[in-house]
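Asks: Residue numbers (our numbering), protein chains in the order written: chain A, 982 to 1097; chain B, 809 to 1065.
Warning: the hint list may mix true and false statements.
Unchecked claim - Ranges between beta-carbon positions, derived for each pair: (1) A:Leu1090 x B:Ile902: 33 to 41 Å; (2) A:Leu1026 x B:Gly1001: 19 to 27 Å; (3) A:Asp1023 x B:Ser829: 17 to 25 Å; (4) A:Asp1083 x B:Gly830: 21 to 29 Å.
Stated by the list, open to error - So, partial list: chain B residues that the calculated Cβ filter (under 8 Å) puts toward chain A: (5) Leu892; (6) Pro932; (7) Leu937; (8) Thr981; (9) Ala989; (10) Met1018; (11) Gly1021; (12) Gly1022.
Simulated from the structure, these hints should not be mistaken for laboratory data.
Bear in mind the structure is a predicted one, so any value in this text is a computation, not a measurement.
Note that CB positions come from ideal geometry on N, CA and C, so glycine has one too.
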Amino acid sequence: MARTSVKVNRAADIFDLAAAGNARARRVLKQRATILADVVVDLALILNPSVILLGGEVGNHPALLQEVETLLQGSEFGVVRVGLSALGSSAVLWGAIYTALDPAILGLLQPSESAG
Amino acid sequence: MLLKLLRETGPCSRADLVRASGLSAPSVTNVVAHLASAGLVEPLGEGDSTGGRPPDIVRFRAERGCVAGVEIGPDSLDFLLADLNGRELGRSRIALERRSSTPPAVCAQIGKQIRGLLRKQKRPEDQLLGLVVGVPAIVNVDEGVVFAFSALKDWSNVSLGVMLAREVKCDVTVENDTNLAAQGEYHHGAAQGERNFVYITIGEGVGAGMFVGGNLHRGAQWSAGEIGYLCVPNISREHPAIHKHGSSKRHWAPPES
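Sequences and hints are given; from them, build the entire structure.
Replies: Here you go:
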């Protein structure tokens, strides 16, 4: 059977191909989603979170989310909502800003002795 | 609490603050005076009069200072500058050469870039009130120490917080990048109002930032959430070692074509 070769630049391209119906890409997506779904259930059993968000260059992909959601169906507990990151590649930077804000404002309200 | 109200709802009158906070009018006046002396609020003049005495409106002075966020990646440094309302003031990115990016070299680049961003905003350096840096590594947040960052040169037990404090005049916090991403989603993204949630990142690395009971859970040795070392079914677990990728992470790598 002849295999058509497809050029892939980023890992997430494979998920785009899978979403477009490429059979080989679908197998890769399914295998990766299976690993991720196991991790999601492990985390759900230990922490019982309300939601698990998928982020990162590869993780923040609707096709991956959909596949994981399908795999999670049928569990009676260890159930958790899975969603995509809203901030994408800016999540770390916004987290840094929000981590900095409250101490910065508190610092202005409790001026150190050296401040005039 | 009043400050939170002013930041979230925008300018309001003292009477509004009394109503929304449940505090007495004299308390509100006291607190507003304290905030004004710190330069955090100012009177906005008189509001629309609907008869009777015009209400005096106060506003939060988001321009009183600014904060900066930095993301150290294996291939780039990303910067974000924001005012005290968390409104974006400026962004920039510079490429990193992996082999020459020693901690002192990266710190010098961060200092230079932040001073540049402040200059562009015509803000003096003492306007910067906080710097938070995200690193793809296990970080002792109390001490500002990065345990190991294998993609760059000489990044093992680096006192990054101390080194960066020489570059800027404000408080410096160093944190694991995935933990910061979870903070971002909690305050400003898809996890607002969720007190128990997990943010999983899959990209150059694999990791998780976990909120338990409304707080980030970092663990006893700062390594909570290193899920790249979890066992992958049908493959026996290896002993986690910092310079070796875990198996669940390796199995995320793109397939050989």
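Asks: Could one say that the CB atoms of Leu1090 (chain A) and Ile902 (chain B) fall in the range 33 to 41 Å?
Replies: holds (34 Å)
Asks: Does the nearest C-beta of chain A fall within a distance shorter than 8 Å of the C-beta of Ala989 (chain B)?
Replies: It holds, given that the least Cβ distance between Ala989 (chain B) and chain A is near 4 Å, below 8 Å.
Asks: Please check whether Leu1026 (chain A) and Gly1001 (chain B) have a Cβ separation lying inside 19 to 27 Å.
Replies: Holds: the Cβ-Cβ distance is about 23 Å, inside 19 to 27 Å.
Asks: Measuring from the C-beta of Gly1021 (chain B) to each C-beta in chain A, is the shortest one below 8 Å?
Replies: Since the shortest Cβ distance to chain A is 10 Å, the answer is violated.
Asks: Does the interface hint hold: is Met1018 (chain B) within less than 8 Å of chain A, judged Cβ to Cβ?
Replies: Hint on Met1018 (chain B): holds, closest Cβ of chain A at ~6 Å, below 8 Å.
Asks: Next item in the hint list is Gly1022 (chain B). Is there a CB on chain A closer than 8 Å to its CB?
Replies: Because about 12 Å separates Gly1022 (chain B) from the closest Cβ in chain A, which is outside the 8 Å limit, the hint is violated.
Asks: Would you settle whether the hint for Pro932 (chain B) is holds or violated, based on the nearest Cβ-Cβ distance to chain A being less than 8 Å?
Replies: violated (15 Å)
Asks: Holds or violated: Thr981 (chain B) as interface residue toward chain A, Cβ cutoff 8 Å?
Replies: holds (6 Å)
Asks: Hint validation: Leu937 (chain B) versus chain A, beta carbon distance must be below 8 Å. Holds or violated?
Replies: At 4 Å from the nearest chain A Cβ, Leu937 (chain B) passes the 8 Å test, so the hint holds.
Asks: When the nearest CB of chain A is found for Leu892 (chain B), is that gap smaller than 8 Å?
Replies: holds (6 Å)
Asks: Is 17 to 25 Å right for how far apart the beta carbons of Asp1023 (chain A) and Ser829 (chain B) are?
Replies: Roughly 44 Å apart at Cβ, these two residues miss the hinted range, so it is violated.
Asks: Hint says 21 to 29 Å; check whether the CB-CB distance for Asp1083 (chain A) and Gly830 (chain B) agrees.
Replies: holds (22 Å)
When the structure is compared with the earlier hints, violations turn up for hints 3, 6, 11, 12 and for no others.
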